[in-house]
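Student: Working from the sequences, and respecting the hints, build out all of it.
The residues making up each chain are set out below.
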Amino acid sequence: MQFWIIQTLNSLALGGLLFLLAAGFSLIFGLMRIANLTHGSLFMLGAYVGVTVLAIVPNLWLAALIAGVSVAVFGGLLERLLLRPLAGNALGQVLVTLGVSFIVADLCLVIWGGDPIPLTAPSSLQRPLVIGSIAFPAYRLFVLGVAIVTAIALHVLMDRTRLGAMIRAGVDDMPMARAVGIPVSKLFTFVFCLGAALAGAGGVIAGPIMSAYPGLDADMLPLALIVVILGGVGSLLGAFVGSFIIAFIYTFGSALLPDLAYVILFLPMIAVIAFRPRGLFGRQIS
Amino acid sequence: MTFTRRRFVKTAGGALALSTVGVPLRASAQSEPIRIGLMTVKTGPLASGGIDMERALTQFLKEHNNTLAGRKVELFVGDSAGVPAQARTKLQELVERDKIQVLIGPLATAEALASDDYIRQQQLPTLSVAAAEDMTQRNPNPWFVRGTSTSSQSAQALADYCYQTLKYKRMATIADDIAYGQEMCGGFQRVFEDEGGKIVQKMFPPLTVPDYATYLAQQKTNIDGIFLGFAGSNGFRWYKQFNEYGLKGKVNVVGGMTAFDEAVLRNMGDEALGIITACWYSAGIDNPLNKKFVTAFRNEWKYDPGFYAAATYVEGAVLEGALIAVNGKIEDKHAFMKALRGIKVDTVRGPVSFDVYGNVVGNVYIRKVERKEGRLVNTVIYTYPNVSQFWKYEEREFLKNPVYSRDWPPAKNLEN
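Here the protein sequences line up with chains E and V, keeping their order.
Numbering (this note's numbering) for the first sequence: 1 to 286.
Numbering (this note's numbering) for the second sequence: 1001 to 1416.
It should be emphasised that the hints constitute simulated quantities derived from the structure, not laboratory data.
The structure presented is a predicted model; accordingly, all values stated were derived computationally and were not measured.
We put the CB at the ideal spot given by N, CA and C, even for glycine.
Any given hint could be a false lead.
[Unchecked claim] Simulated restraints on C-beta separations: (1) E/Gly-132 - V/Gly-1196: 32 to 38 Å; (2) V/Gln-1092 - E/Leu-95: 23 to 29 Å; (3) E/Asp-172 - V/Lys-1250: 49 to 55 Å; (4) E/Val-149 - V/Glu-1063: 55 to 61 Å; (5) V/Gly-1269 - E/Val-57: 14 to 20 Å; (6) E/Thr-52 - V/Asp-1346: 39 to 45 Å; (7) V/Gly-1269 - E/Phe-102: 29 to 35 Å; (8) V/Gln-1092 - E/Val-180: 58 to 64 Å; (9) E/Gly-132 - V/Leu-1273: 28 to 34 Å; (10) V/Pro-1385 - E/Leu-62: 49 to 55 Å; (11) E/Thr-120 - V/Asp-1346: 41 to 47 Å; (12) E/Gly-99 - V/Glu-1195: 29 to 35 Å.
Tutor: The structure is reproduced here in structure tokens:
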């Protein structure tokens, strides 16, 4: 019984983490039609910026905020300076994002070195939460909470605001959105910055669990891809549901059938692509 | 001054004339510098260790005034990024463009395996850091010596220590799901169970697992200890989460040679105190060579050398020993190889010699994490002298068994 309770809690916490990672990826993918392969790097960059901030001011919230803002600026520059000149050339854009991810990885190595660096959780969340015979890290529940709050905030943004309506219009039918006067070009930059900010802040929030280390980018990117392909490109709900499905499959899969951990992780993605190419919540994209 | 065509012709002509004069004056092979290649990893996830390899080897050569056995040496460094295919390409570059005469490295098992054929074909004397067991066991490469250890060489000694000294009877193992982790756990399990202990739980998380929560939730607590066979940063990440789950104090932790390396310790806190690991090196080894090495390395880089730094420093000493034995004549490859495998040399890790397969016979140290002068160090608490890759088993019997893997030795005592 204890096994099932702890693994369920683990799945929920991992799902929260995956959502922070995948939400931005999904929005960018949905609006701009490019798989942003720097997304893992943005996540890692956020974690490293967090490391530096925490070394000066030991406040995880501040670190997440600063990392989010600085990674958003980086994302904005990337979009404006590198991706914009390649507009319409999706393959070229994807290759550029891949190239930038290598550059970011090596820059991080030069700046922060090759050793894993832990980010410290707030001291109030460091102790395990003990209920009866079950001990569970308090920080993981906190991550889940952050993910849920973020999801609600994004939902309000997308469904209740004019900006969100414009983004949704852009995702669904870009030529028509342009035709009715929506500034799609500015939206691109905004969404890219938003996605980057989520990834950067997510890197800091994930830091106390995963630490910052070279290779974090490559470890996270496939997970973002799986979640988005499963949930459906450009769909916030898809990213949310997809994150938790993947987290549950991953956690229980590697606990019950450890030899097949990765098979189990990718199998649902293949099944979804075969039977529902647009993902669980993906819509027809023009 | 403007660079006219006339002047260019004159200068170029002069250079040409000089170079033709230079040919007859060319020195004999003996006084030319020896060309040493270092295959390491300076980018990517393994870079931390790889950069240490270069720093320590450069320090070694500098301390010898870039002269070994009376001959100048030149160092050429290749960066494989830890990718086996790239290791193979870079090695070819080192051999064919830089004309290296001896190779130090590579770092990772898979890189060594990818370069195996080429090393044989080029007959390139290689002083390896990579731990791949079979390169000095069932499929030995005649051009290969390893002054560090096989994957399981230290783990086998640690198993003995756990059973005999710590009196552990029931243990679990966890390691990266790669050859290195599997071989380490295999060696640990075999010795521990042959002596009478039981391995009741074995876990092999994928190398790039983002999170160890799943494995920690299954962790048995009715055991005496768990053996960690992690490489790089994974041991560190696992142990952090181990603490978060409140398991510290319930289960004792012992580690293989890379689990709590000095490179990892410098980013850890008091939670690491008291952990016992086994390795062929520790910055705390008490011998004059090591004291000199550690002091100089610390002064230069502000941290203690660990596994990877010591690895190339030891290989440097082995190289020097062999070069002295052949009077610097590295050009006679066969004689040089024979000297490499025949020498006995004092190094920072203690005395080193080689078995007929080219693998080191040397001390294995049992170490405990302590705080000294404000930083965490691996203090040596026990020394197993002159440990062979075959532990105490008879060599021929040992080689009849399959190489250590996930499934060998078979786990007979697992409990659900």
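Student: In this structure, is the beta-carbon distance linking V/Pro-1385 and E/Leu-62 contained in 49 to 55 Å?
Tutor: 53 Å, holds
Student: 23 to 29 Å was suggested as the range; check whether the CB atoms of V/Gln-1092 and E/Leu-95 agree with it.
Tutor: 27 Å, holds
Student: Between the beta carbons of E/Gly-99 and V/Glu-1195, is the distance compatible with 29 to 35 Å?
Tutor: Violated, since E/Gly-99 and V/Glu-1195 (Cβ atoms, about 54 Å apart) do not stay within the stated range.
Student: Per the hint of 41 to 47 Å, is the separation of the Cβ atoms of E/Thr-120 and V/Asp-1346 within bounds?
Tutor: 43 Å, holds
Student: Is 58 to 64 Å respected by the C-beta to C-beta distance linking V/Gln-1092 and E/Val-180?
Tutor: Between V/Gln-1092 and E/Val-180, where Cβ atoms are some 59 Å apart, the hint holds.
Student: Please check whether E/Thr-52 and V/Asp-1346 have a Cβ separation lying inside 39 to 45 Å.
Tutor: 43 Å, holds
Student: Falls inside 32 to 38 Å, the C-beta gap from E/Gly-132 to V/Gly-1196?
Tutor: Given about 36 Å between the Cβ atoms, the range holds.
Student: Falls inside 55 to 61 Å, the C-beta gap from E/Val-149 to V/Glu-1063?
Tutor: 57 Å, holds
Student: Does the hinted range 29 to 35 Å hold for V/Gly-1269 and E/Phe-102 at CB?
Tutor: Holds, since V/Gly-1269 and E/Phe-102 (Cβ atoms, about 33 Å apart) stay within the stated range.
Student: 49 to 55 Å was suggested as the range; check whether the CB atoms of E/Asp-172 and V/Lys-1250 agree with it.
Tutor: Once the Cβ atoms are compared, 54 Å apart, the range 49 to 55 Å for V/Lys-1250 and E/Asp-172 holds.
Student: Please test the hint of 14 to 20 Å on the beta carbon pair from V/Gly-1269 and E/Val-57.
Tutor: 19 Å, holds
Student: Confirm or reject the claim that E/Gly-132 and V/Leu-1273 have a C-beta distance inside 28 to 34 Å.
Tutor: 29 Å, holds
The structure shown violates just one earlier hint, number 12.
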